[in-house]
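2 protein chains.
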Amino acid sequence: MPKIVDHDERRLELVDATWRIIARLGIEGATMREIALEAGFANGALKPYFPTKDTLLTFAFRHVFNRTNERIREVTAGKAGITALRAFCVEVLPLDSERVNEARIVVPFWQKAINDPEKAAIHRESMDQWRGAIQGYLTEARRQGDVNAAVDDSVVSGHLLNMLLGAQIAAALAPGIETDLGLGDQLEAFLTLLQAGS
Amino acid sequence: MPKIVDHDERRLELVDATWRIIARLGIEGATMREIALEAGFANGALKPYFPTKDTLLTFAFRHVFNRTNERIREVTAGKAGITALRAFCVEVLPLDSERVNEARIVVPFWQKAINDPEKAAIHRESMDQWRGAIQGYLTEARRQGDVNAAVDDSVVSGHLLNMLLGAQIAAALAPGIETDLGLGDQLEAFLTLLQAGS
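Line by line, the protein sequences are chains W and G.
Just so we're aligned, residue 1 is where the first sequence starts under UniProt numbering, counting upward by one.
Just so we're aligned, residue 1 is where the second sequence starts under UniProt numbering, counting upward by one.
A couple of the hints might just be wrong.
The list cannot tell twin chains apart, which means a pair is met if one copy fits it or any two copies do.
[As the list claims (entries may be wrong)] DMTMM-like mimics (lysine to aspartate or glutamate), calculated; alpha carbons at most 25 Å apart, straight line:
(1) Lys-119 x Glu-91
(2) Lys-47 x Glu-178
(3) Lys-47 x Glu-188
(4) Lys-119 x Glu-178
(5) Lys-47 x Asp-16
(6) Lys-119 x Asp-180
(7) Lys-79 x Asp-6
(8) Lys-47 x Glu-74
The set of hints was computed from the structure by calculation and includes no laboratory data.
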């Protein structure tokens, strides 16, 4: 019987290897050769999975997004309003080394997306999904009487989403992976402002 | 008499050419050859100004930062508190095509900075300066009675700065340079929250 190869699993192994290489050498140093070596693949064996580094980077971005969404589903289960919004943001913010490494995948993806409409569209779809989620939590928060401010929730959602994006930049460019950037405090301060006057 | 060459001016010509090329071809397509061609320099004539594309990108980043600061000085002159804070943020936000093009320089610089400690330090120094400016405006706004919220101004400054960074990503990845991203409205909503309950 032929050996059964789980192609999805192998793709994820390659994504993990890509992360380690990008964290160590940067996106430009992350050649297909280096990634193959790190993942224990023969040189050229990546091609059936990812014909180009570009396809690998797009897959890695989608994987970061999907993985974050899985974590979000777990931490927001049974929560609503401000409590759910806090849990959502804590999961998106790069507050531990795993998520700082994710930021280091996301920033190169953004850079590529500037001149690649397909990548830019993937980014925008992902962000539309998150903006919608944030807005849903705000609607619940209003219903629960926690937010009464005279602001448009879709606008506030866009503001908060941009802050979450900017936090990825701050984390990716911090002097060390464990640097405390005060992002958790920034989130709390924003939630305080949101609920002020209620 | 020998022809007097203004080297600073020629450097700025090269930065302008770099912008046009990056906007057209992306950072990877912006070879020293393409930039020289665009600026009307002979191939190789760039070397005395910028030995590498990397030095050119760093110069361009500093130039964007300095130019933004010049605009900030003009628009905040004679203003204080919330009024000055609004003027500052409007100038940093990518609200017109010139500043969207600046965002397209800044995002590739950030990507390079992830694995280049010197570039990352330049970014952090610039951001420290802006965080300090924002905090100064908030202090004035409290003194004027416009802000009374029970939040730490240095934390709120960090939050707002991250939103301004995230807005660069949103603008650089928007489908068109004239897309309305609602960034002005997001700023106003944040200023409303900041003053709520006062």
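To see whether the hints hold, each was checked on the structure:
1. Lys-119 x Glu-91: within (23 Å within a copy, 28 Å between copies)
2. Lys-47 x Glu-178: neither (35 Å within a copy, 39 Å between copies)
3. Lys-47 x Glu-188: neither (46 Å within a copy, 49 Å between copies)
4. Lys-119 x Glu-178: between (29 Å within a copy, 19 Å between copies)
5. Lys-47 x Asp-16: Intra 16 Å, inter 39 Å, cutoff 25 Å: intra-copy only.
6. Lys-119 x Asp-180: between (31 Å within a copy, 20 Å between copies)
7. Lys-79 x Asp-6: neither (36 Å within a copy, 63 Å between copies)
8. Lys-47 x Glu-74: neither (35 Å within a copy, 54 Å between copies)
Violated hints, listed in ascending order, are 2, 3, 7 and 8; each of the other numbered hints is respected by the structure.
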